[in-house]
Amino acid sequence: DAGVIQSPRHEVTEMGQEVTLRCKPISGHNSLFWYRQTMMRGLELLIYFNNNVPIDDSGMPEDRFSAKMPNASFSTLKIQPSEPRDSAVYFCASSPRDRGRHSYEQYFGPGTRLTVT
Amino acid sequence: GQQLNQSPQSMFIQEGEDVSMNCTSSSIFNTWLWYKQDPGEGPVLLIALYKAGELTSNGRLTAQFGITRKDSFLNISASIPSDVGIYFCAGLKNTGNQFYFGTGTSLTVIP
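Listed in order, the protein sequences are those of chains A and B.
Using the working numbering, count along the first sequence one by one with no gaps and you end on 122.
Using the working numbering, count along the second sequence one by one with no gaps and you end on 1378.
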């Protein structure tokens, strides 16, 4: 079975540019999560969706960050404009919300390593 | 912010030795997950725990959900070089859908 797919795997951009990260969750999963990982702060939840609807975006750093989930198989995380402090690894994860207690098990993608210069 | 304290922060062990690590919190959690992350990859789910006192194994890995519901433990028996990586715990509270992640335990296995 295909796992969570993220693209690109690496992104290097200049400060001020727009960055779009993409995620395809596992088929049949109806919850999707965006995380950011840095050495200083570890894994931080940015936003999560249930059935394509954003539920909690309190972890989104500021208005420069936005996320969308237009359908069950695709989500984007956009940073506009990007800043050097946004450099981090961004992970997407999905979980099967309607499978009893297993509904909370999150499966992570390989991540996108973002470097903003 | 982080609500889970994971220890030890790092471990250096000889191949064949057993490993123990734990995750503690001042809050009660209803679900505990343990993940392993290899360099350049995303965390991979190892074990999920749903009930206080529950003991679950996955090969050489055994994890326990603490009785107080404020902690969890992961043991690895007879370590091998491919066990190298960073191990994270994650806890889910009664309300909401947000997991809180520990700071990670970095494991190095010396052949």
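Where hints are given, some of them may not hold.
Said to hold, decoys possible - Output of the computed footprint for chain B on chain A, the stretches with three or more beta carbons under 8 Å from beta carbons of chain B:
(1) 48-58
(2) 107-117
Unchecked claim - Using 30 Å as the maximum straight-line C-alpha spacing, the simulated BS3-like pairs for lysine-lysine come out as follows:
(3) LYS73/A - LYS29/A
(4) LYS29/A - LYS1360/B
(5) LYS1337/B - LYS1360/B
(6) LYS1337/B - LYS1318/B
(7) LYS83/A - LYS73/A
(8) LYS1318/B - LYS1360/B
(9) LYS1360/B - LYS83/A
(10) LYS83/A - LYS29/A
(11) LYS1360/B - LYS73/A
The hints are simulated quantities; they were obtained by calculation from the structure and are not laboratory data.
Everything numeric in this text was worked out from a predicted model, so none of it was measured.
All C-beta atoms in this analysis are idealised placements derived from N, C-alpha and C, irrespective of residue type, glycine included.
How the hints compare with the structure:
1. Check result for the stretch 48-58 of chain A against chain B: holds, 4 residues qualifying (beta carbon to beta carbon below 8 Å, three or more required).
2. Look at the stretch 107-117 of chain A against chain B: 9 of its residues bring a Cβ nearer than 8 Å to a Cβ of that chain, three or more, so the hint holds.
3. Between LYS73/A and LYS29/A the alpha-carbon distance is near 12 Å, which keeps this suggested pair within the 30 Å criterion.
4. Under the criterion of a C-alpha separation no larger than 30 Å, the hint pairing LYS29/A with LYS1360/B is consistent with the structure, at around 27 Å.
5. Pair hint LYS1337/B plus LYS1360/B holds up; C-alpha atoms about 10 Å apart against a cutoff of 30 Å.
6. Pair hint LYS1337/B plus LYS1318/B holds up; C-alpha atoms about 12 Å apart against a cutoff of 30 Å.
7. Of the supplied pair hints, the one linking LYS83/A and LYS73/A holds, its CA atoms being roughly 8 Å apart against a limit of 30 Å.
8. Using a Cα cut-off of 30 Å, the hinted pair LYS1318/B and LYS1360/B holds, with the two alpha carbons roughly 12 Å apart.
9. Our distance criterion of 30 Å between C-alpha atoms is met by LYS1360/B and LYS83/A, whose separation comes to about 29 Å.
10. Taking the CA atoms of LYS83/A and LYS29/A, the gap is near 15 Å; set against the 30 Å cutoff, the hint holds.
11. Simply put, LYS1360/B and LYS73/A have alpha-carbon atoms about 26 Å apart, close enough for the 30 Å limit, and the pair holds.
The structure meets every hint from the earlier list without exception.
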